[in-house]
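Dock chain B against the given chain A, drawing on the hints supplied.
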Amino acid sequence: MRRRGAFTLVELLVVIAIIGVLVGLLLPAVQAAREAARRMSCSNNLKQIGLAMHNYHDTHNVFPTGAAGCCYGTWPVLLMPYFEQGNVADLYVSWGDTSSTGVRYSGSPNVENVTGRRYDMLTCPSDQENSPIGEITSHNYAVNYGNTSKTQVSNLNGVIFGGAPFSADPSKEFGFHSVTDGTSNTLMVAEVRQGQGSDLRGFLWWGDASGFESYLGPNSPLPDRIYSSGYCKPVKGMPCDVSSSTNPTMFASRSQHPGGVNVALCDGSVRLFGETIDLETWRGLSTSRGGEVLELNQ
Amino acid sequence: MLDCLTSRGLVGGMALALAAILSTGCGGDTSGRLPLAGQVTLDGQPLDRGTIEFHPEAGAAGMTGGVITDGRFEIPAEQGVMPGTYTVRVYSAATDGTTEAAPAAPGPEAAQEQLAAERIPSRYNVDSELETTISDANSEQLEFALES
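Sequence order for the protein chains is A and B. First residue of the first sequence: 62, per this note's numbering; consecutive thereafter. First residue of the second sequence: 11, per this note's numbering; consecutive thereafter.
Same shape as in the complex, but just chain A (with noise of 0.2 Å):
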């Protein structure tokens, strides 16, 4: 009864049973705070983001233009020099040149000097990288192209087009004289996911990509939409298709944190949108001058 100095066996299975549940308890906590900081590092970014538009736009006096066509050129060159990549930027060639001889995106030296490389800036330490065609890199933040589609057709399916501070037609400008709605009631940039593989979403250097669309909710269950079927590969939490006349090119605003997507708005502060947010609200908020009455209770 009164021996000492060793351990039974039983003893080791409690403490061993004990150190379990308590490894047990420990590790979801200590993972959702890891899931935390980088959802903070990533609305940080789109904080950046969002700061970087209101420098363009006192220097400019409008938004910077979504894309140049397809291969262009998009937001985040003209953005560079207001996020401290103005050297990177001066060095990105026939920006805006859309008459099919200049230099795309994905053409010597642009790749080896702009596009080729990964913006920390840019990319939502959440998601997973990816570098869809060669070296060219994807990233995580869209800009707003309103409630439609990315050509922001004037009514799809019954939804009507509200206006949206950004285009990517390079015809368009857009500046916060444009935001009617208010600046603190209109999206200005939203997260969404890099596709893995050949998939082309969030790839932002590409006009189609270079935006979001607010058709489709948040994390939306329903496809995004891509021209080929070749640059679309679905995978759990990103179903995509095919372009049709009925669901032209569209992109929803899509991330990997639990519940929701971070967005900057047109004010500059940034928020956490729930997937669960309505649908009719997502899109009034989307929009730049459609006039509804939004009421955000966050």
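Just so you know, the hints here were simulated from the structure itself, not pulled from any lab data. Just so we're clear, the structure is a prediction, and the values are computed from it rather than from any experiment. All C-beta atoms, glycine included, are put in the ideal place defined by N, C-alpha and C. Hints may be right or wrong, so weigh each one.
[Said to hold, decoys possible] Selected chain B positions facing chain A (Cβ under 10 Å, derived; list incomplete):
no., residue
1, THR61
2, GLU63
3, ALA71
4, GLY75
5, GLY81
6, GLN89
7, MET92
8, THR95
9, SER102
10, ALA114
11, SER132
12, ARG133
13, ILE144
14, ASP146
15, GLU150
16, SER158
[To be verified] Here are some chain A residues the structure puts well away from chain B; computed CB gaps all over 10 Å:
no., residue
17, ALA67
18, ARG99
19, MET101
20, SER155
21, SER192
22, SER215
23, LEU217
24, TYR288
25, ARG332
26, LEU333
[Unchecked claim] Quick partial rundown of chain B residues pointing at chain A, CB under 10 Å, derived from the structure:
no., residue
27, GLY76
28, VAL77
29, ARG82
30, PRO86
31, ALA87
32, ALA112
33, ALA115
34, LEU125
35, ASN135
36, PHE154
37, LEU156
Same frame as chain A, but now just chain B:
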């Protein structure tokens, strides 16, 4: 003997605590929303690919949808709908290469994109007349037989 008893009590307690932790479960709160699943056929054949959307009555919140693969669709309860009447829209892009013009964008020189044609008649999507009442009993055995 005493040692042995307390140890056994401890082990029992641990097992009980573990069981209690595990039994609390991980099920998300779906607040009464129903999962949806079912079959879509076009002229008697399962629709190989497409999307299905459930639109609530005008003004109500809670539109949802999902992808149709080989005639089947499954939407988990987290993205499901409350019981009620919904307008159903089914879309499917033509796979045989036929194209048609997409709706026009605003602006004078808006070029119309040529995209894959929609092969489901508009009475099942854009101007849908297809309605369904979703209840606990049928939410996972929905059947939609479309005719072109």
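Hint by hint, here is what the structure shows:
no.: 1; hint: THR61; in the structure: holds, 6 Å
no.: 2; hint: GLU63; in the structure: holds, 7 Å
no.: 3; hint: ALA71; in the structure: holds, 4 Å
no.: 4; hint: GLY75; in the structure: holds, 5 Å
no.: 5; hint: GLY81; in the structure: violated, 16 Å
no.: 6; hint: GLN89; in the structure: holds, 5 Å
no.: 7; hint: MET92; in the structure: violated, 13 Å
no.: 8; hint: THR95; in the structure: violated, 18 Å
no.: 9; hint: SER102; in the structure: holds, 8 Å
no.: 10; hint: ALA114; in the structure: holds, 6 Å
no.: 11; hint: SER132; in the structure: holds, 8 Å
no.: 12; hint: ARG133; in the structure: violated, 13 Å
no.: 13; hint: ILE144; in the structure: violated, 16 Å
no.: 14; hint: ASP146; in the structure: violated, 21 Å
no.: 15; hint: GLU150; in the structure: violated, 16 Å
no.: 16; hint: SER158; in the structure: violated, 15 Å
no.: 17; hint: ALA67; in the structure: holds, 12 Å
no.: 18; hint: ARG99; in the structure: holds, 22 Å
no.: 19; hint: MET101; in the structure: holds, 24 Å
no.: 20; hint: SER155; in the structure: holds, 22 Å
no.: 21; hint: SER192; in the structure: holds, 27 Å
no.: 22; hint: SER215; in the structure: violated, 5 Å
no.: 23; hint: LEU217; in the structure: violated, 6 Å
no.: 24; hint: TYR288; in the structure: violated, 7 Å
no.: 25; hint: ARG332; in the structure: holds, 19 Å
no.: 26; hint: LEU333; in the structure: holds, 17 Å
no.: 27; hint: GLY76; in the structure: holds, 5 Å
no.: 28; hint: VAL77; in the structure: holds, 5 Å
no.: 29; hint: ARG82; in the structure: violated, 14 Å
no.: 30; hint: PRO86; in the structure: holds, 9 Å
no.: 31; hint: ALA87; in the structure: violated, 12 Å
no.: 32; hint: ALA112; in the structure: holds, 5 Å
no.: 33; hint: ALA115; in the structure: holds, 5 Å
no.: 34; hint: LEU125; in the structure: holds, 5 Å
no.: 35; hint: ASN135; in the structure: holds, 6 Å
no.: 36; hint: PHE154; in the structure: violated, 17 Å
no.: 37; hint: LEU156; in the structure: violated, 14 Å
The earlier numbered hints that this structure contradicts are 5, 7, 8, 12, 13, 14, 15, 16, 22, 23, 24, 29, 31, 36 and 37.
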